[in-house]
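Let the hints inform the model, and build the full structure from the sequences given.
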Amino acid sequence: MNLRGKAHKFGDDVNTDYIISGRYKFKTLDMKELAKHVMEDLDPEFYSKLNKGDFIVAGKNFGCGSSREQAPLAIIHADISAVIAKSFARIFYRNAINTGLPLLECDTDLINPGDELEVDLGKGIVRNLTQNTDIQVKPLPPFMLKILSDGGLVEHFKKHGTFNLE
Amino acid sequence: MGKTIAEKILSMKSGVDARANDIVIADLDFVMGQDGTSPLAIQAFIEMGGLRVFDPRRVAMVIDHSAPSPLEGVSALHKKMRDFADRYDVMLYDIGEGVCHQLVPEKGHVAPGTLVIGADSHTCTYGALNAFATGVGSTDLAAGMISGKLWFKVPETIKFVLHGELPPGVFSKDLILYLIGDVTADGATYMAAEYVGEAIKALSMEARFTISNMAIEMGAKVGLMEADEKTEAWVREHSSLPYKPVFADPDAVYAEVREYDVSKLEPQVAKPHTVDNVSPIGEVAGIEVQQCVIGTCTNGRLEDLRIAAKILEGKKIHPRTRLIVAPASRQVFLDAIREGIISTLVEAGAAIVTPGCGPCVGTHNGVPSDGENVIATSNRNFKGRMGNNKAFIYLGSPATVAASAIAGKISDPREYWR
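First to last, the protein sequences are chains A and B.
The first sequence begins at 1 in the working numbering and counts up one residue at a time.
The second sequence begins at 167 in the working numbering and counts up one residue at a time.
What the hints contain is simulated information worked out from the structure, not anything from laboratory work.
Mixed in with the good hints, there may be bad ones.
Said to hold, decoys possible - Partner residues aside, some chain A positions facing chain B, computed with beta carbon under 8 Å:
id	residue
1	K25
2	K27
3	S67
4	E69
5	I91
6	N98
7	T130
8	Q131
Ideal Cβ positions, reconstructed from N, Cα and C, are used throughout, including at glycine.
Okay, structure coming up:
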């Protein structure tokens, strides 16, 4: 599956409070509503700048901090197609796989704000269409790919009834 | 080749010879969710077709993050948790019982060698009890509630060897802030931390929880300690679980071993807006603070309140600042009342709020105003964390926060510590 959209760039250590603030996340399970506040404390205009399929591109340790699964869910419901970063914090990483948000780990210094990107999830390549370059992505372990390809952990459980490593 | 504590516990619980970087499916001893994460987990539980929880005695839900409810929307989510607890017979700790990370150990649900997940990032707190305890999200919590199992990537381990004795007026909070400043916010990502050495052995269990609690702030999956006589005494007092302390092998393989001498450590403060932005007290002393907060899963235990009361006894907080105190649990609150700690704090000008997480996590109970500075004993100072992205949050020990409340500005607690 290929994803295409524009790069919105952020720095290092973007924590889950910035992705979706505690001010909002305790009030509701309406993810469309939460999505309107995604990244608000870093860029109050962020949601209004998004087009369907765009990417969040960040530095190291994306998603550090709290375990809130509302963070990947708010990103998904803002119609962002994937997060591309130098590295991810581990709880966010698990939550993203479990909820079906693709994460790509690569050298994001090769991407500028506004660059048009195409991501080939199968091949693990980020194509920078603006700069005409290909960026290699660190592959996911097979077990995590399996959960992601089942459509997240809920679907994995529906299919197998429990964890299935085979 | 020997094993680390993390490798040993995950081997025992998965039934395979688990080594760093393996992926294992392991049996869970205890599963916990709070009111920020449980409602989504309940939704996932239903979507997954969950009919029952694997063992109701091993599942708890805690209403602590916005407790009591400040809003209608929150009330609906709390109701969802109460209904789920009724229907599936799981334990529910309702408003006023306290912060989940105080309750799980205090109510005896965790013991050395156990494997615990909590849908809250500070679940790593119980590593101080020699348990492999780690934070997960809501869907993992749902899977754990249904199956009693979860997948884990076996972490590599960084060992912190802490030599020497902390000087007077310097506490375990200062030590962990210093370590986080040194290794940075992602210095231990995906890894286990093991904290050993005479500086750890000298600490009370309560002070040790503070260190394990903040392992996540260096990116770590767990913050493990070995069990000693203090651990065992604490567990025997609080729990009836059978347990088996787990020690690292002498030839265990570590990703890194870092040694520190703590005997010259000064009080430390994390500055806005990241936890690893740490300075010794001298560099920040004098910054005016409009709000001071003592409490949370990091530093809301009896020993913490006792330290604050010792500094505040017979004094008044500065007229241009506010002091909010949230005991970590009902038990802590009661003990602090009986010891006279609460009277001392209230006489000094503190506002006591319900045991819970509110002031730390920005849901209610003390949202600061634009441009205000806050100093808190909590574990995070991210922009907006306390509910206002135009406020500035500093982190320090209960002693540092109490001293700062008296002076109305960030202050060195050693000036008050006799």
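Under the criterion of a CB-CB separation shorter than 8 Å, is A:K27 in contact with chain B as hinted? holds, 4 Å
Using 8 Å as the Cβ threshold, decide whether A:I91 counts as touching chain B. With a minimum Cβ separation of about 5 Å from chain B (threshold 8 Å), the hint on A:I91 holds.
Should the interface hint for A:S67 be scored as holding, given a Cβ-Cβ cut-off of 8 Å against chain B? holds, 4 Å
Hint check, A:K25 versus chain B [nearest Cβ-Cβ separation less than 8 Å]: With a closest approach of 6 Å, the A:K25 hint holds.
How about A:T130: closest beta carbon in chain B under 8 Å, or not? It is violated, given that the least Cβ distance between A:T130 and chain B is near 29 Å, above 8 Å.
Interface hint compliance - A:N98 to chain B, C-beta minimum distance less than 8 Å: holds, 4 Å
Next item in the hint list is A:E69. Is there a CB on chain B closer than 8 Å to its CB? Where the cut-off is 8 Å and the nearest Cβ of chain B is about 4 Å from A:E69, the hint holds.
Does the interface hint hold: is A:Q131 within less than 8 Å of chain B, judged Cβ to Cβ? This hint is violated: A:Q131 lies away from chain B, its Cβ roughly 27 Å from the closest one there, beyond 8 Å.
The structure does not agree with the numbered hints 7, 8 stated previously, though it agrees with the rest.
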